[in-house]
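Chemist: This is what each chain is made of:
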Amino acid sequence: MKQNDYTATGNLLKIFLRNNKVITLLIILLPLLFAYAAAASNMAILQTPDQLSVYIRENQGNLLLGTIAANSIAGATIWRIRLSTAMITSILSVILIINNTRKDEDQGRLELLRAGAVGPKAALTAVLIKVFCANLLGGLAMGLGFIAAGFPAEGSWVAGLATSFGSCGCAAMAAIAAQVAPNARLARGLSFGALAFFFVWQILANVAGNASLLLWTPFGWCAYARPFAGENFRLFAFAVPAIALLTVVAFRLDGRRDLGGSYLGERSGRVYARKSFNSPLALAWRQQRGMLFVWVAAYVVMGLIIASLVPKINTMLEGTAFLPGLSAILGGPGRAFLAILAYILTQVLTAYAIMAILRIREEESLTRTELVLSSAASRVRYAAGHLLIAFIGSAAAITLFGFCIGDLAACLARLPVVWLIASVTVFLYGLAPRAAAPVSWGLFGGLLLMEFLWEIKAIGNNVFAFSPFSWVYPGVAVSLLPIVTMLLMAAVLVGLGLVFFSRRDIIAE
Amino acid sequence: MAVIEISGLTKSYGTTQALRGIDLSVKQGEVHGFIGMNGAGKSTTIRILLGMLKKDGGEVKLLGGDPFKDCVELHKLLAYIPSEINPWPDLSGGEVIDLLSRMRGKPDSKRRAELIEQFQFDPSKKCRSYSKGNRQKVALIAALVSDVELYIFDEPTSGLDPLMESVFQDNVREMAMRGKTVFLSSHILSEVEKLCDRVTIIKEGRIVESGSLRELQQFSRLIIHVECVRPVQGLQLPGVHGLSCQGNMASFSVDAAALNATLKTLTDYEMISLHCAPPELEDLFLHYYAKDDKVQ
Numbered sequence: 016m017k018q019n020d021y022t023a024t025g026n027l028l029k030i031f032l033r034n035n036k037v038i039t040l041l042i043i044l045l046p047l048l049f050a051y052a053a054a055a056s057n058m059a060i061l062q063t064p065d066q067l068s069v070y071i072r073e074n075q076g077n078l079l080l081g082t083i084a085a086n087s088i089a090g091a092t093i094w095r096i097r098l099s100t101a102m103i104t105s106i107l108s109v110i111l112i113i114n115n116t117r118k119d120e121d122q123g124r125l126e127l128l129r130a131g132a133v134g135p136k137a138a139l140t141a142v143l144i145k146v147f148c149a150n151l152l153g154g155l156a157m158g159l160g161f162i163a164a165g166f167p168a169e170g171s172w173v174a175g176l177a178t179s180f181g182s183c184g185c186a187a188m189a190a191i192a193a194q195v196a197p198n199a200r201l202a203r204g205l206s207f208g209a210l211a212f213f214f215v216w217q218i219l220a221n222v223a224g225n226a227s228l229l230l231w232t233p234f235g236w237c238a239y240a241r242p243f244a245g246e247n248f249r250l251f252a253f254a255v256p257a258i259a260l261l262t263v264v265a266f267r268l269d270g271r272r273d274l275g276g277s278y279l280g281e282r283s284g285r286v287y288a289r290k291s292f293n294s295p296l297a298l299a300w301r302q303q304r305g306m307l308f309v310w311v312a313a314y315v316v317m318g319l320i321i322a323s324l325v326p327k328i329n330t331m332l333e334g335t336a337f338l339p340g341l342s343a344i345l346g347g348p349g350r351a352f353l354a355i356l357a358y359i360l361t362q363v364l365t366a367y368a369i370m371a372i373l374r375i376r377e378e379e380s381l382t383r384t385e386l387v388l389s390s391a392a393s394r395v396r397y398a399a400g401h402l403l404i405a406f407i408g409s410a411a412a413i414t415l416f417g418f419c420i421g422d423l424a425a426c427l428a429r430l431p432v433v434w435l436i437a438s439v440t441v442f443l444y445g446l447a448p449r450a451a452a453p454v455s456w457g458l459f460g461g462l463l464l465m466e467f468l469w470e471i472k473a474i475g476n477n478v479f480a481f482s483p484f485s486w487v488y489p490g491v492a493v494s495l496l497p498i499v500t501m502l503l504m505a506a507v508l509v510g511l512g513l514v515f516f517s518r519r520d521i522i523a524e
Numbered sequence: 016m017a018v019i020e021i022s023g024l025t026k027s028y029g030t031t032q033a034l035r036g037i038d039l040s041v042k043q044g045e046v047h048g049f050i051g052m053n054g055a056g057k058s059t060t061i062r063i064l065l066g067m068l069k070k071d072g073g074e075v076k077l078l079g080g081d082p083f084k085d086c087v088e089l090h091k092l093l094a095y096i097p098s099e100i101n102p103w104p105d106l107s108g109g110e111v112i113d114l115l116s117r118m119r120g121k122p123d124s125k126r127r128a129e130l131i132e133q134f135q136f137d138p139s140k141k142c143r144s145y146s147k148g149n150r151q152k153v154a155l156i157a158a159l160v161s162d163v164e165l166y167i168f169d170e171p172t173s174g175l176d177p178l179m180e181s182v183f184q185d186n187v188r189e190m191a192m193r194g195k196t197v198f199l200s201s202h203i204l205s206e207v208e209k210l211c212d213r214v215t216i217i218k219e220g221r222i223v224e225s226g227s228l229r230e231l232q233q234f235s236r237l238i239i240h241v242e243c244v245r246p247v248q249g250l251q252l253p254g255v256h257g258l259s260c261q262g263n264m265a266s267f268s269v270d271a272a273a274l275n276a277t278l279k280t281l282t283d284y285e286m287i288s289l290h291c292a293p294p295e296l297e298d299l300f301l302h303y304y305a306k307d308d309k310v311q
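Residue numbers (this note's numbering), protein chains in the order written: chain A, 16 to 524; chain B, 16 to 311.
I should point out that these hints are in silico values taken from the structure, not numbers from a laboratory.
Treat each hint with caution, since some may be false.
[As the list claims (entries may be wrong)] Using C-beta positions, here's what the derived DEER-type ranges look like:
1) Val499/A with Asn53/B: 52 to 58 Å
2) Leu301/B with Gly280/A: 46 to 52 Å
3) Leu464/A with Lys147/B: 40 to 46 Å
[Stated by the list, open to error] Residues from chain B that keep clear of chain A, each with C-beta distances beyond 12 Å, as calculated:
4) Ser22
5) Lys26
6) Thr30
7) Met52
8) Lys76
9) Glu99
10) Gln133
11) Ser144
12) Asp185
13) Glu189
14) Met190
15) Ala191
16) Glu230
17) Pro246
18) Ser268
19) Ala272
We put the beta carbon where it would ideally sit given N, CA and C, even for glycine.
Working from the sequences, and respecting the hints, build out all of it.
Modeler: Structure (structure tokens):
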């Protein structure tokens, strides 16, 4: 009867394909877009061999992105996009996996499906097929993008496949997390924790300059495979069994537990609430503290790691021409490196602030806001609880990071950007709650895309100047005026958001 | 004194008109049933009373205040049970009960223990692991634990088993005895019939009838079951509706005004037994919903 374990996998696959269509499409299309856009812009900028060798020399010491292996435009291009592509497709893959495993299970949908003539292994099989295939298609699309740009075919396919195998590995890990964790939130948290670890490990591998360390982080697989630089096919001999092993572990864990069961237990709660648990702020803190602790801890850990690397970075970068322009302005390549990291981490922190604020909207659509407000809490007090945590929390994370790397001023000067973009979310939440999440994320994504296009010189300074990120870009002397302006704008947006919120309907759906 | 006083209330969502001018009055100390089909406007009315939604037009007074502007002060005087509750998955049931009752003020720990006992509820579990019925108990206990003037219940017993339903009904009766006002929206008509002094029926955003059950019954038909010696055939009288005959038995409803004439005619068939009853709430409800359909 073994074959019945997989009964109806095809039907489930059809259902799962209808879920999260946009994310699935992004996994396939973003690698193509990144590959082709980066290749085209590099070919436009690096027209002579001199320009190419200058570019490679300038970027060679990059600890975030690693070394440029191939002395060609193709090599410079895959170097530029391999990490960002792998990270984005991995994050999206984790979301897809958790949505169709633990989240479906939490919300009782899986039980409904399993009650039909469906094999016990069908659901996990179907979602893994969906995510693996989407990633492989994305990898092939990336290869096609390079080939379309005129890069060597072999290197193009290796680049695409190595990147997509990396995100398949992360997907298989998420499938394990979905078995282990008792709820979707923890499963997602564990998976993203693993991704953060792989990101840090990738930097460590670059700092150590040891290519074999790259094997142990899926984000390093593309670099390890050395596309366009004498491809290293040993990667696939490692990656395929590694993914297979993770998949088998996920199936074993799935097979040994009950539906709805998990390996990490759900702790039982308190019979009586603590004395202090009596206000909207206390409730907001209770809901937000987990995410806040994770973010602050991540920033402190990254700050400590980076701080410990600074002496090594300085000696490594000494004599090289790492970002010569920036190094000249900031007084040394080490400081330039820190400035760039502080800047990137500020951008990432914006995502935290948006998420923390959108939590209120999520509460509202789950009818929990109504429950709190009908218990004699005022609307402003209710919203202010969450906002305080989002704003002070983001300040705490970046302050502690700045303290760790010893450059508090540079980090604090960038905080107003986070607050400004977050305050747009607050404003939208008050004015048009249904649009708050899509418009906020669209705006944030649009600003990042704008910067990416500016970096590859597809748009000019005058366009990028509209993005608040350009006002605090590394090397820009951040003066008091833009800081005060941003803070004022943020204050006005938050104020308006709260006014609109206290006058509108509470919308639950 | 009227605890709830609504006149000409309108509310629309985009192009759909949810409330088309409703009038409603709930007096202090009464248990008032608010019945209607899904989508009739029950929850919209309640959410306007709670200050969650802004009215488009008309007048609404709740405990003498404006439900939107004075909501925080008013909410200290009322407790609310929503028809569906999604309590915070990371909190225990006990924590949710404590949080909601403390924010409202006047938590009563003795009453809390009593209710937890009555409803056989385990407050130590995380909310994510409660079944639907247990989640509803969280809302019930959190509302009933507060000693307030007005209780607003929106389909409070959805998901509860019959035993717990009757525990809830006992609690409502006890509140009524202590002079509390209860506004109970429901489509479990037997529950409303058992508990409520007065009933308001809402249909498609309009109030179709409001009054005590007895008043409602007076304006409507009586239900008659009769057995005769001779088969009842061709009973075509004005005011007789829905006649169904089975041999010598007949059932029909009759307008109160036509009762006398109908009984006179029935004596011709030589009655053996006669059962005459006022309509149950369910008959009334169906009657109002059917009547308006014909008008359309």
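Chemist: Work down the list of hints and note, for each, if the structure agrees.
Modeler: Hints versus structure:
Distance hint check for Val499/A and Asn53/B: the Cβ-Cβ separation is about 54 Å, which falls inside the suggested range of 52 to 58 Å. For the hinted restraint 46 to 52 Å between Leu301/B and Gly280/A, the CB-CB distance of approximately 51 Å keeps it satisfied. Distance hint check: the CB atoms of Leu464/A and Lys147/B are about 44 Å apart, consistent with the given range 40 to 46 Å. Distance check on Ser22/B: its Cβ is at least 21 Å (rounded) from any Cβ of chain A, clearing the 12 Å threshold; non-interface status holds.
With a minimum CB-CB distance of about 9 Å to chain A, Lys26/B fails to clear the 12 Å threshold, and the non-interface call is violated. No beta-carbon of chain A is positioned within 12 Å of the beta-carbon of Thr30/B; the least distance is around 16 Å. Separation of Met52/B from chain A is adequate, the least Cβ-Cβ distance of about 20 Å exceeding the 12 Å criterion. Non-interface status of Lys76/B relative to chain A is upheld: no Cβ of that chain comes within 12 Å, the nearest being about 18 Å off.
Residue-level check failed: Glu99/B sits 7 Å from the nearest beta carbon of chain A, not beyond 12 Å. No Cβ of chain A comes within 12 Å of the Cβ of Gln133/B; the nearest lies about 16 Å off, and the non-interface call holds. The claim that Ser144/B lies off the interface is violated: its Cβ sits roughly 6 Å from the closest Cβ of chain A, which falls inside the 12 Å cut-off. The claim that Asp185/B is not at the interface with chain A holds, since no C-beta of that chain comes within 12 Å of its own (minimum 24 Å).
Distance check on Glu189/B: its Cβ is at least 22 Å (rounded) from any Cβ of chain A, clearing the 12 Å threshold; non-interface status holds. At roughly 18 Å from the closest C-beta of chain A, the C-beta of Met190/B stays outside 12 Å, upholding its exclusion from the interface. Look at Ala191/B: its CB is around 22 Å from the nearest CB on chain A, clear of 12 Å, so calling it non-interface holds up. Every C-beta of chain A lies more than 12 Å from that of Glu230/B, the closest at about 32 Å, which supports listing it as non-interface.
For Pro246/B, the shortest C-beta to C-beta distance to chain A comes to about 52 Å, beyond the 12 Å cut-off, and the non-interface label holds. For Ser268/B, the requirement that its beta carbon stay farther than 12 Å from each beta carbon of chain A is met, with the minimum near 41 Å. With a least beta-carbon separation of about 46 Å from chain A, Ala272/B lies farther than 12 Å from that chain, consistent with its non-interface assignment.
The structure is inconsistent with the numbered hints 5, 9, 11, although it conforms to all the rest.
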